[in-house]
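S.K.: Spelled out, the chains give:
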Amino acid sequence: MALGGSLQIGQSGLLASQAALEVVGNNLANVATPGYHRLDPKLVALPGREAERGVQFGGGVNLDAITRVVDEALEGRLRGTISDESGASTLVDLLAQIEAIENELSDVDLSTRLTAFFNAWSDLSNNPQDLSLRTLVIQEGESLARFVNDLDTGFKDTLLQTDVAIEQAVGQANDILERIETLNTAIAIQEGGAGEGAHGLRDERTLLLEELSQLVDISVVEQPSGRADIFVGSLPIMLNGQSRGLEARQQTVDGELVIDVVIADDQSPIDTSAGQLGALVEFRKVHLDDAINALDQVASQLIWQVNRIHSQSQGLDGFTSVTATNAVDDSTVTLDDLTNNGLDFAASHGSFRVHLTQLSTGARTTSTVAVDLDGIDPTNDTTLASLAADLDAIAGVSASIGTDGRLTIAAENSGFEISFSDDTSGALAALGVNTYFTGSDAFDIGVNSAVSSDPAKLAAARDHLPGSNTAALAIAQLRDGGIDELDGLSLTQAWSRHVEDFAGRSGQASQRLESAAVVKANLAATQQSISGVNADEETIELIRYQRAYQASARFISTVDELMQTLLSII
Amino acid sequence: MAVGPITPRTTLLLTGSTLTNNLLRTQAELFDAERQIQTGKQINKPSDAPGKISTLNALNEQIEARAQYTQNLTFAQGLLTFADQSLADATDILIEAQATASSQVGVGSDADTRQAMAFVVDEQLAGLIEAANRQFNGISLFGGDNGAAADGDVFVDFLGGVRYLGGSESLNLDIGSSSSQALNSNGIDAFGALSSRVRGTADLDPQATDDVRLADIDGADARGFRPGSVEVTIDGTAVTVDLTTADTLGDVVTRINDAIDGVDPAAGTIAATGTGLTLTANAGHTISIADLQSGNAALDLGIDGTTATGASVAGSDLRVRLDELTNLADLGATIDFASGLTITQGLTTKTADFSAATTIQDLQNDIDDLDLGVRRESNDAGDGLDRVSEVSGIALSVGENGGTTANDLGIATFGAATQLADFRDGLGIETVDGDDLSFTLHDGTTFFVDISGVLTVDELMTAIQSAADAATVAAGDLTVSLAATGTGLVFTDSTAGAEDFVIANAGLSNAAEQLGILGNAGAGTTINGTDEATVKVESAFTALAELADALRRNDALGITLAGGKVEDRLDGVVNARALVGVDSRRVQDLLERSADMDIADRQLRSLIEDADLTEVISRYGQLQTQLQASLQVGSISNQLSLLDFLG
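Chains as they are written, first to last, in the numbering used here: chain A, 581 to 1150; chain L, 10 to 656.
One should not assume that every hint holds.
Unchecked claim - Quick look at which bits of chain A chain L covers, simulated, 3 or more residues with Cβ under 8 Å: (1) 983-990; (2) 1054-1063.
Said to hold, decoys possible - Label-pair restraints from in silico Cβ distances: (3) L:253 / A:918: 19 to 25 Å; (4) A:1067 / L:301: 21 to 27 Å; (5) A:647 / L:621: 38 to 44 Å; (6) A:941 / L:117: 50 to 56 Å; (7) A:814 / L:621: 38 to 44 Å; (8) L:231 / A:918: 37 to 43 Å.
These are calculated hints, taken from the structure and not from any lab test.
Where a beta carbon is used, it is the ideal one built from N, C-alpha and C, also for glycine.
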């Protein structure tokens, strides 16, 4: 072997060690860089020449490759857990918002307001003619109604904020996809189809993929060119390295605005069962909707049940004229056809009584008004128009329908008052005649101004006995009385059931978050174990390659001495 | 707490993130422990303990509801204490009145003294009214379910008597829907403020019509109408008819007929007729009606198991109850509404004109228009009308106005069926051995009547007529009848002669006087008896009013009788006070039980909701130590590096 060849061997050692030292240095430089995957220099002995048959000399060493240490399958699983944790974390935060709005177990919550409302009626039952207690009932009703309104507003605000959050998350996802698209191109150009080399770009892309995983559960398939295709479920949101874009699509279904996430290219809805987007969509579609519905159901039944009792009871004073609070869109539509009459509550087959009292004598004439809604011979079924006609036919009573679709019942002559009783049809409550509450749900519940402006109109009595507390007792006992429409639960129980339900949901979400966090921590640790940089390890590598460099340099020095010795002979 | 992963190879990032996570977790637990220490509660929001929130909510609801019920019971306790005091005052007043009556009987007193004592009794009556009108926090102690407004009265002066304006039932207290307790008392229970005798004895036989509400029938099984479905079988085809939302008998008829029409319109019909439903199957058809399994609707409607084959079959009597809107034309009994009533309350007599009335309510309005303090109530069976006097201290009589209205309605205070035992405010007629009444006619015929064993006015008239017959008085020469207008008996002597027409007591009997028929018509032919069977409210007010009246009249017997009534009413007030005591005891028991249950519930809630401070503070200390250790270990491990040891 020629000494020149030996110098070549020494040179290769110097070069390889120097390159390996650079890799180690780079690893050490990125010891704290998030997303960095350590690089592993692969040194390979170079083949030499055959000195004589069967005798091989080595050719030195060569840096064959710098490998990015990565377990792609692990990275995929890690992205999945990132998505799970992000979704669970988001849902926990969102459910906490509901919990904060409801504020249960405090003194400022719906349960407390319901209790105060029923307590006011209970107090009134102890002295039904006391005007201050009547005023208190009105105040508590207004307070309850405002609180329910505020809860509804809180929920609706959260709904809007969720919609904005979905829009923002979709925008964020699109931004990430665009950046990945750019990186895809750069990686493909830099690697030229070699499948590796663009380590920094790949690390950056990995970080972006993890960031995208926080938003939506993705799977990644790398093409031979180095470009990454990204799928949500089976649908590609990035194909051939090109982003297909995401959109938050709003549409009205059954009168309600719903939102889902679709691919911008073809409007295909993507599976949003995980990740932050998934949590936002699930929260909006399921949890927030359930909370709004639960509140509406309690508010609606509160209105209906109280009004059913109140509308057929009597206050200290009757009405010279009373106008219904609820309007009917079409007065020729039957009172149980909510789809077409515009009412929120349906009357049923039955009847009610109208009493006309002459104030000077106390003489009372009673008339029964039939509400025919049995469906037999539909031409006879009661509409607002026919009801008004029936009422108008009662001697001394006039009834008319205003241009706004509201029924007005009045005593035709001064010195007479009207009152109501025995409503088995619910028509009075459905139309809002002699009712306590107005509205139909949490959004518009309020106290009837006819009552709030005149506490004497508060109907605490039955049988036209001013001192009777029968109606006040009946309303107070709604506190724990079962209601068919609430599956036999009372109003307070129904609300408590909702609170319990959401406590369970929060608990489940927290458990999901905890388990996802543990899995993610394990996988992240494993990923770090594989791809992370250990400073001590790299220091050892540093020493190793330093020694290798020193050895090669020593070898060159030795060859140099040999050459000097040889040349000195000349 | 989750334990961090153990990996074969650690990195700076892994160490750092693990340390950060552990520190954050420890700090979060420290924060939670601090919160529990500060609030004393381990559950501050529902998600803190999803598994316990159900129990916690239930406990909170119970505790909050019980607080209101306790407040109501406390209110009732205060009211009952006031009621007890009022009844004690009433008792004292009646005892004083009783003593007054005793002192004024016999020779120890004279007219002037009695006149003076009458004023004393007047004051006692005023005191009793004041006690009966007392309120607690604006609610009438004895106003029942229609007490007066604040500072108002339920017992007021009226036509010389004392009128009760309160309700017939007591107010109920809100102590939850599963229990009940009267809040106040009513004037009837405490003072006997309404009359009890003018009870409608006639069955007016209200008919079953389409307009009758199902709520107004007692039902064939006397259990009301229990909503449900029935099975109607028309010529072998069974149809289920839903009657759960039926409101009236007309609804029942409409739905069953609709079912029949749906199978074969020619098969037959059902209709409300008479006292129930009548099922008619036309010739060649068979219709049957029965309850579905476990249903009772057909049974209550009196048509369960009814089968009609080419004929009409009447169902059972539905026992329709009178309602304010019951049409007078729909009463099965024949009533003379055209004549009206003559009603006398005290010294005021008025005529009730029912000629324009079409409903029961019209009758009430017509009577209310008289403003005599008479209220209408349906009798217990729901098929007759009662007339109840609200006015104590004066007499009520309800008689005819030329017709038979009072008798037809069964509310005449002096009618054929009136018991002699009810005369003289319930003292009855005292008879002697032998004859009680003596009759002398114009033709000189004299005969005597023994009314021993005679129970009613009708029997009395029969006994007199029989005695006249036995004395060979020609038929029609002496007639005895009820007054055509007003009340009382009317005797007519058609014989000719110079003798005076006289009705007198026989021997030592006072029966003629007590019956109100004592009289001498002279040459006249008619003796109009007076009404000694008037109705008075058997109240303490009546007793005192009668005592005062007797004192003014210097009527020793009257004073004695009134004193007896005062004693009777005193018993009633004492009984009422005892009942108030019972109620008070029950309220106290409920309060004590409520307090016990409240403590138990609060203890249970505390176990669930409150933090165990000993445990939390211990944990807080441990967490502080843990945090300190984590910080120290973290700082040391991050400082150690191989680089530090290389030269």
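S.K.: Each hint should be assessed against the structure and marked as holding or not.
M.R.: Status of the hints after comparison with the structure:
1. Coverage of the segment 983-990 of chain A by chain L is violated [criterion: at least 3 residues with CB-CB distance below 8 Å; count 0].
2. Coverage of the segment 1054-1063 of chain A by chain L holds. Counting CB-CB distances below 8 Å, 5 residues qualify, and the rule asks for three or more.
3. Evaluation of the 19 to 25 Å hint for residue 253 of chain L and residue 918 of chain A yields a pass: the beta carbon distance comes to about 20 Å.
4. As the Cβ distance of residue 1067 of chain A to residue 301 of chain L is approximately 25 Å, the hint placing it in 21 to 27 Å holds.
5. Between residue 647 of chain A and residue 621 of chain L, the C-beta spacing of about 57 Å breaks the proposed range 38 to 44 Å.
6. With their beta carbons about 51 Å apart, residue 941 of chain A and residue 117 of chain L fall inside the hinted range of 50 to 56 Å.
7. At roughly 52 Å, the beta carbons of residue 814 of chain A and residue 621 of chain L sit outside the given window of 38 to 44 Å.
8. Taking the beta carbon of each, residue 231 of chain L and residue 918 of chain A are about 40 Å apart, inside 37 to 43 Å as hinted.
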